[in-house]
Every structure is written in structure tokens, then in C-alpha cells.
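Asks: One letter stands for each residue in the lines below.
There are 2 protein chains.
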Amino acid sequence: MDTRFLLDLAILLFAAKMFGVQARKLGAPEVVGEIIAGVLVGPAALGFVHESDFLSQMAEIGVIMLMFEAGLGTDLRKLRKTGAQATFIACAGVFVPMIFGTLLFLAFYGISGQILKALFIGTIMSATSVSITVAALKELGRLDGIVGTTITSAAIIDDVIGMIVLTFLLGMTGGSDENSAVVIGKSVLFFVLAVGTGFLVYKIFSWLDKRHTHTRRIPIVSLCYCFLMAYVAETGFGIADITGAYVAGVVLCNLSDAEYIERRVDISSYMVFAPLFFTGIGLKTSFAAMDAKLLIFSVCFVITALVGKIIGCGSCAGLCKFNRHDAFKIGLGMMTRGEVALITAQKGLAAGLLTSEFFTPVILLILTSSIITPILLKQEYTKYPTD
Amino acid sequence: MDTRFLLDLAILLFAAKMFGVQARKLGAPEVVGEIIAGVLVGPAALGFVHESDFLSQMAEIGVIMLMFEAGLGTDLRKLRKTGAQATFIACAGVFVPMIFGTLLFLAFYGISGQILKALFIGTIMSATSVSITVAALKELGRLDGIVGTTITSAAIIDDVIGMIVLTFLLGMTGGSDENSAVVIGKSVLFFVLAVGTGFLVYKIFSWLDKRHTHTRRIPIVSLCYCFLMAYVAETGFGIADITGAYVAGVVLCNLSDAEYIERRVDISSYMVFAPLFFTGIGLKTSFAAMDAKLLIFSVCFVITALVGKIIGCGSCAGLCKFNRHDAFKIGLGMMTRGEVALITAQKGLAAGLLTSEFFTPVILLILTSSIITPILLKQEYTKYPTD
Numbered sequence: 042m043d044t045r046f047l048l049d050l051a052i053l054l055f056a057a058k059m060f061g062v063q064a065r066k067l068g069a070p071e072v073v074g075e076i077i078a079g080v081l082v083g084p085a086a087l088g089f090v091h092e093s094d095f096l097s098q099m100a101e102i103g104v105i106m107l108m109f110e111a112g113l114g115t116d117l118r119k120l121r122k123t124g125a126q127a128t129f130i131a132c133a134g135v136f137v138p139m140i141f142g143t144l145l146f147l148a149f150y151g152i153s154g155q156i157l158k159a160l161f162i163g164t165i166m167s168a169t170s171v172s173i174t175v176a177a178l179k180e181l182g183r184l185d186g187i188v189g190t191t192i193t194s195a196a197i198i199d200d201v202i203g204m205i206v207l208t209f210l211l212g213m214t215g216g217s218d219e220n221s222a223v224v225i226g227k228s229v230l231f232f233v234l235a236v237g238t239g240f241l242v243y244k245i246f247s248w249l250d251k252r253h254t255h256t257r258r259i260p261i262v263s264l265c266y267c268f269l270m271a272y273v274a275e276t277g278f279g280i281a282d283i284t285g286a287y288v289a290g291v292v293l294c295n296l297s298d299a300e301y302i303e304r305r306v307d308i309s310s311y312m313v314f315a316p317l318f319f320t321g322i323g324l325k326t327s328f329a330a331m332d333a334k335l336l337i338f339s340v341c342f343v344i345t346a347l348v349g350k351i352i353g354c355g356s357c358a359g360l361c362k363f364n365r366h367d368a369f370k371i372g373l374g375m376m377t378r379g380e381v382a383l384i385t386a387q388k389g390l391a392a393g394l395l396t397s398e399f400f401t402p403v404i405l406l407i408l409t410s411s412i413i414t415p416i417l418l419k420q421e422y423t424k425y426p427t428d
Numbered sequence: 042m043d044t045r046f047l048l049d050l051a052i053l054l055f056a057a058k059m060f061g062v063q064a065r066k067l068g069a070p071e072v073v074g075e076i077i078a079g080v081l082v083g084p085a086a087l088g089f090v091h092e093s094d095f096l097s098q099m100a101e102i103g104v105i106m107l108m109f110e111a112g113l114g115t116d117l118r119k120l121r122k123t124g125a126q127a128t129f130i131a132c133a134g135v136f137v138p139m140i141f142g143t144l145l146f147l148a149f150y151g152i153s154g155q156i157l158k159a160l161f162i163g164t165i166m167s168a169t170s171v172s173i174t175v176a177a178l179k180e181l182g183r184l185d186g187i188v189g190t191t192i193t194s195a196a197i198i199d200d201v202i203g204m205i206v207l208t209f210l211l212g213m214t215g216g217s218d219e220n221s222a223v224v225i226g227k228s229v230l231f232f233v234l235a236v237g238t239g240f241l242v243y244k245i246f247s248w249l250d251k252r253h254t255h256t257r258r259i260p261i262v263s264l265c266y267c268f269l270m271a272y273v274a275e276t277g278f279g280i281a282d283i284t285g286a287y288v289a290g291v292v293l294c295n296l297s298d299a300e301y302i303e304r305r306v307d308i309s310s311y312m313v314f315a316p317l318f319f320t321g322i323g324l325k326t327s328f329a330a331m332d333a334k335l336l337i338f339s340v341c342f343v344i345t346a347l348v349g350k351i352i353g354c355g356s357c358a359g360l361c362k363f364n365r366h367d368a369f370k371i372g373l374g375m376m377t378r379g380e381v382a383l384i385t386a387q388k389g390l391a392a393g394l395l396t397s398e399f400f401t402p403v404i405l406l407i408l409t410s411s412i413i414t415p416i417l418l419k420q421e422y423t424k425y426p427t428d
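Protein sequences appear in the order of chains G and U.
First residue of the first sequence? That's 42 in the numbering used here, and the numbers climb one at a time after it.
First residue of the second sequence? That's 42 in the numbering used here, and the numbers climb one at a time after it.
These are calculated hints, taken from the structure and not from any lab test.
The reader is advised that the hints may include incorrect statements.
Chain copies aren't distinguished; within one or between two, either way the pair holds.
Stated by the list, open to error - List of simulated lysine to any residue pairs, SDA-like, C-alpha gap at most 20 Å:
hint, residue 1, residue 2
1, K66, H253
2, K388, D43
3, K179, T256
4, K66, Q420
5, K251, A299
6, K179, Y422
7, K388, F400
8, K158, F209
From a predicted model like this one, the values you see are computed outputs, not experimental measurements.
Could you put the whole structure together from the sequences, leaning on the hints where they help?
Replies: In C-alpha cells form, the structure reads like this:
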């Protein structure tokens, strides 16, 4: 067996921990340090570690565990209370950046025959990846507050809406075999089935929990359920695996052992998987093939994407009677982009709607948003602490 | 991303836990249940899960963590006390099964022109893989006793001697570019360097430990050191990665936070990695291509291999003034075979010393020894409890 992956693990975990600690010393969240560690040891700088299937799969487990923990820590009453608002915020979070992105592309590359391409750039901007925000809120101890719950559920809904928009757009260009109605149907079916089986699963776990409280069995079986839901969501229903993991966590969040499960998963997560997810973002970064026009476009793309979410989600949250500071926090929390944006870009490439140079602005957006969101969130929560 | 690996994880972890619990209820060690779970969901029976690079790498991390924990739990005084005896036992553990295996092959397939092949079958028999024994002793709480320490260190030395014998044999057939002297030199160099750098590493960790006792930093950085040593041992010195991991554990075993590190690593290990190692043994099992002669040979091969270790190591332990029961335990503990036997077989295949049908008896040996050793050890320790 080629043991190179062991060296990769040693380098990434060590760098992540060192930079994480330094970031915290400088007053920034630890995840920021871990992402920067990835950039530094990755191909963009030192080149010690490169992406591999193994590392991507470990990173995926990391983000799945993160979202599972977020689900486990959910306060169901708050989730119900914020559900309608979150849906509203999610819609704004999809459509405002989408319009901004479309206009930006048209401004740069002109209108003639480019409408679909422009809409596609807009779609890439619409995809929120909440995992970094979840990690930042967790570090701040604010994940289960009203604002935290709203952001998490809005991001989940955003993901689903984004998927539908993407399918619609690909359908228009023949880049997808499915039509939007099927996608909508599958998404609805997933949530219906998740809630339906969720009650049953919850009953079984409650029974197990009473018989075997605080044994290893409960966290391991819970983790199996989480992996299964992640798999079923992505493979069976075309919904992101992290959404499945989050829903699995929500199903189990009222168990009396929920905290015990979360703690066990958290230790596995912070020892190995989560740092690989954060450094993985850095590993994806490379700055090859950048000319002046693309550079300017990239900078505008990043700014528009960030501002789009703040304006879209923030103003919408304001309309939902969040106060000014909380609305801003929600806008900030929704700014983060991640692998969904990359996947969307890849699909666009496959459908001929995008050329590969546009990966650079997308990666820059992921990196920038992943680094500045936690910093700004921490500042806001320090200045204006709320639930 | 193909999310099939998530389904594999869910199935394997669930099956491992369920069968582990059942095994314990029946009075057998949990690892036995986990191995059987792997056989059952793997290609030999239900075929739900097949081997993959990802699963092999996860399993490798599992066994590395296991050996790291074994190292961390080491009592240095006992290790020093048993060192000479362990070396003696290891030598007997290599050469007695080797002679037995050679004779067995000659008895089945005749002498003419087969001496090298016969010696090679003997070499396969000589390789101890201590990980299953370590897991069983850990479950029994006996890993850090005199018997447990002797078995662990003898198995480590066995591994090194086995490697030298293998290289010698491959060298004779031109199947290896290295010669035995180089292999011996590299092995010695590894241990010299490990001890040399070990003192420095221990000093650094002691200093870190005093400043940051019970923080996440210590276990994570320790794990990085473990992965690094595993990588360096295998890639740089041709020694098994698990030997490197064990040595890393021994270096850190006197830290005041050693138990804290072990606990953290243990949780990551039992939540995900260790069950994947145990079920992985089961996944490797398949019973295709078996004719009557091979079946009979396989059964004899397994019995000879097991008896060879008991006679070799057990009688040698008796000579080292262990009492009858402890000597028998040491013989039992050294019976387990694992991936080293498979790797040896693969090298033999590549060198033309072995045909692929001989993989079946090797796999059977791994499976049988992995299942019966923990059961017998538990029985012996229950009947004749010693340190």
C-alpha cells in the first residue's frame, strides 16, 4: 500500500492545528487559520500536499459530521419558529445574488447571445454553503440561537432552491436530462420521507437510548444513520449530502443522549475529519491562468457575490422583524460559498455554458468568503451580542 | 462526488457494532463479531460492500491508531524487562513456523525443484500481525501486563526478522533489488533514529504538555507524529507502518497526558477507524476457486501455521521462565496473521514463487487466526488470570 496519505494527514493536521491556534491568538476564528494552512501547504504556495480522492472523501466526512452536529444541536422550537422566515430569506438569498451576478457578467462581456451564460454565473453566485458559518457559530457558541438557527435552515432551503434553479437552467440548454418539476418533486419527497421515517427512527433511538444510555452503541449507530441519510439525499434525491446529514441530526436532536452523541462525534471530527475539510478548501486554491481582465472580473465577482447575499438575506431578515444587527449577521452568515458553487460551475462547464477560466473567480469567492465570514461574524457577535 | 463510500461506511459501522455486541453477549471478544460482520456483508456472503482504496486506507488508519494506542499504554519498565525474552520468542516465532510450512509444502507437492517455493510458503507462515491480539488484550484490560508487553514487542521484532528473511529469499530468486544486509542495516537505523529523535520529541511534547495540559493540541499533534512515524517507517525504512506507529506511542508513553491522548485517539478509533479495520479483514475473504486438494492443503496450512506459533513461541516463552499458562498465552497471542502475510504472498506472486491459488489458504489463515485467537485468549485469561 502506498502510504503517502499518512504523510498528507500528518502535514495537514499539524499545519491546521498550528495555524488555527495562531488565528485564535490574533482574535480570528480557528477555521480561518485552518483554511489558510491549506492554502499554504497546498499547490498555491509550498506544494507539500495535493488534492487526492482520499483527502476529498475525508473532507466530505468532515463537513457531513459538522452538519450532523449542527442538526443535533438544533432547538426544535426555534427551528419551527424561524421556518417561514428562513424560507423567505433563502429565496432572497438565491434570487438577489443571481440577478447581481447576471448583470455583472453582462456588464463585462456584453449582451449578445450571452444571456444564458450570464444567468449561469448568477446561479453560481446563488449557492450558499453554510458549513463554514456553522463552524464559526459553533466556535462562538451561537449555533443554537435564533440567528444561528435561521441561518442554518435558510442555507438548507437555499441549497434546495439553488438546485431547482440550476436544473431549470440546464434543462433550457439541454445540459440535463431531468426537468425542474421532477427536481422539485424529488426534493419535496425527500423531506416528506425524512420526516416520516424520522419519527420512526426517533422512536427506535429513544428506545435504544433508554436501554443503553451513554454506551458506545448510541453514537456509532447515530453516525451510521447520518451517513445513510447523507448518501440517500445525494444519490437518491439529488440533494446535497450535507443536507441529509443535517436532517439526520435534527431527527435525533431531542434524544436525551443527543449531547453525548454530539460530543463523541465532535471528538472524531476535530481530531481528524474537520481539519481536513477546512484545509481542503485551501488545497483547491491555485492562481494559475489569470490575466488582467479576468483578475478585475474576479474581484468584482467576489464583491458582488458577497454584497448580494448581505443585501438579499440581510434586508429580507430585516423585513422579518430581526433587528438591524441580527439582520446583518444573517446576511453575513449566508455569504459563505463552498463546494456547491464549484459543483455548479463544473456542471456549467460540462453543458458548455462556462469556460474553465471562470473557475478562478469561483475558487477566489470560496476562499474569500470562507476567511472573512467567520472574522466578521465574530466581530459582530462581540460588538452586538444576541441570542 | 460519488457518495457510495458513505453507504459503505454506514453499512460497515452498523454491522460491526451489531455483531460486536452479539459476540460480547455470547462471551466472545467484540473484534470477533466485527470480523464476522465484514465476512457477512462482504463479497464472500451478501456482497453489500466491496473493498475499495478508500476503505483500505481507512482500515490502515484504524490499525495504525490501534498500535499507537498500544504504544501509548506501554509500561517502559516492563518493556525493558521483557526485551531480551521478546527477541528470543520472536526468533522462534519466525523460524519454527517457517520450518513447519516448508515441510508441509514439500509433503503436499514433492521435493523436486520446489525448495524455494516451499521456503516461501514457510515465510508466509512466519509473519505475525499483532493488531488483533492487541485489540483482544485491550478489551480484556491486559495489554500493559508482562504477557501483553512481551507479545507486543515480540510481534514487532518478529515483523522485522520476517522482513529480513523475505528479502533474503527474494534476493536469492532475483525478485528483490535490495540485499539482506541493506534491509538489516535499514531496520537497525530506523530504531536508532527513532530512539534518538524520540528523546527530542519527548522533550518537546513534555514542554508543550506542561504549558497546555488537557487541550486539543496535544492529542492532535501526537497523532500527527504517529502518522509521520508510520509513513517514515514504511516508506523510508521498509518497516511496517504499524511498527512506526507503535514506536511513536512508546516515545510518548511517559507523558503526563499520555492517558488523555490515548482516550482521544481511542474515541476517534472506535467511532470510525477501528471497526473498518476489523470488518476489512472480513471483506478480503472470498472462497472462489477451491478444489479438493487445495481445500485439504488450506486446512493443513492453517493448522500448521497456528500450531507452529504456539509451539515456537510458547516453548520459547517457557524457556524464558514464564509459567505454563503464560507461555501458552504468549503462543496464542503470536498466532494472529494479518496483512503482512498477504503482502508477503503478493511479493511471492510477483517474483513467480507462488501461484494465485495460494492466496486462499493465506486468507483463511488470517480469518481463522483473527477469530479464534481473541476467543482462546479470553478463555485463558478467564481461567488463569495473570498480569
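Asks: So, for every hint listed, does it hold in this structure?
Replies: Structure-based check of each hint:
1. K66 x H253: between (41 Å within a copy, 14 Å between copies)
2. K388 x D43: Answer is between; shortest inter-copy Cα gap is 15 Å, intra-copy 32 Å.
3. K179 x T256: The answer is between: 18 Å across copies meets 20 Å, while 25 Å in one copy does not.
4. K66 x Q420: This pair counts as within: shortest intra-copy Cα distance 15 Å, inter-copy 53 Å.
5. K251 x A299: Classified as within: same-chain Cα gap 12 Å, cross-chain 33 Å, threshold 20 Å.
6. K179 x Y422: within (12 Å within a copy, 46 Å between copies)
7. K388 x F400: Within one copy only: 12 Å inside a chain, 44 Å across chains, cut-off 20 Å.
8. K158 x F209: within (14 Å within a copy, 64 Å between copies)
Of the numbered hints stated above, none is contradicted by the structure.
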